[in-house]
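K.L.:
Sequence:
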Amino acid sequence: MSEIELDPGADPGRAERARKLFSGPITFLKSAPALQHLPAPGVPEIAFAGRSNVGKSSLLNALTNRNGLARTSVTPGRTQELNYFDVGENPLIFRLVDMPGYGFAKAPKDVVKKWRFLINDYLRGRAVLKRTLVLIDSRHGIKDVDRDVLEMLDTAAVSYRIVLTKADKIKATELEAVQVATEAEARKHPAAHPQVIATSSEKGMGIAELRTAVLEAVEI
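My numbering applies: residue 1 is where the sequence shown begins, and numbers increase by one.
No lab work stands behind these hints, which were simulated from the structure alone. Among the hints, a few may not be true.
As the list claims (entries may be wrong) - Here are the simulated PhoX-like cross-link-like pairs (lysine-lysine), alpha carbons at most 25 Å apart as the crow flies:
no. : residue 1 : residue 2
1   : K188      : K203
2   : K109      : K188
3   : K30       : K143
4   : K30       : K130
5   : K188      : K143
6   : K143      : K171
7   : K109      : K130
8   : K203      : K169
9   : K114      : K143
10  : K114      : K130
11  : K130      : K20
12  : K171      : K130
13  : K143      : K169
14  : K20       : K203
15  : K203      : K171
The task is simple: from the sequences and hints, build the whole structure.
P.N.:
Here it is in structure tokens:
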């Protein structure tokens, strides 16, 4: 059952608006290593968070229907920065924010500390941040490192929604079980959206629903 079917008050035209919007101009804006480098908070922002190997770049590319868009920011020295992408042109509608990946066990402590400071400061102080999408690998489900991030978002009172990635890599019955378990976990967190979206960047599964969910968060 789709998100629109579950919400009788949903805008029936939102899915089409989302399709057109993500088919239009989307460009890499900048990388911000610290808060003073963030763009002016003039439009809504939707942030993406996830473990370093969760498939965030692939999902961003599938979402925007552009091969290699997220790779624009994947250059040495940018791995701990907030990467901004403009959606819409004349007018600019909103921005996607690619947050640094987390969960590398071998990451130096100072790198992890820098990540936490940057993300904490961004989450607490960014009034235009409408929602954070937390990506979870369908094959592994929510791990302790993910729970740390969920709790960080709860503390910052930032609305977020969990998105399962790589849904094509497991059997349908396993995916259903993971989705049920993930939604049960989401209900334990005050800032979490109760519904989880399962996606596959390779197969296109859930991408249209995710686009609609992004636009919904922008418009509320």
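K.L.:
K171 and K130 were given as a pair; does the straight-line alpha-carbon distance stay at or below 25 Å?
P.N.:
violated, 33 Å
K.L.:
For the pair supplied as a hint, K20 and K203, confirm whether the alpha-carbon distance does not exceed 25 Å.
P.N.:
holds, 20 Å
K.L.:
Against the 25 Å threshold, does the CA-CA distance of K114 and K130 hold or violate the hint?
P.N.:
holds, 23 Å
K.L.:
CA of K30 to CA of K130, is that 25 Å or under?
P.N.:
holds, 19 Å
K.L.:
Holds or violated: K130 and K20, Cα atoms, limit 25 Å.
P.N.:
Distance of about 21 Å is within 25 Å: holds.
K.L.:
Would the pair K109 and K188 pass a check requiring their Cα atoms to be no farther apart than 25 Å?
P.N.:
violated, 29 Å
K.L.:
Are K143 and K169 close enough, with their CA atoms no more than 25 Å apart?
P.N.:
holds, 18 Å
K.L.:
Holds or violated: K143 with K171, Cα cutoff 25 Å?
P.N.:
holds, 20 Å
K.L.:
Holds or violated: K203 with K169, Cα cutoff 25 Å?
P.N.:
holds, 10 Å
K.L.:
Straight-line Cα separation of K114 and K143 no greater than 25 Å?
P.N.:
Holds. K114 to K143 sits at ~21 Å (cutoff 25 Å).
K.L.:
Holds or violated: are the alpha carbons of K30 and K143 at most 25 Å from each other?
P.N.:
violated, 31 Å
K.L.:
For the pair we were handed, K188 and K203, check the Cα-Cα distance against 25 Å.
P.N.:
violated, 31 Å
Violated hints, listed in ascending order, are 1, 2, 3, 7, 12; each of the other numbered hints is respected by the structure.
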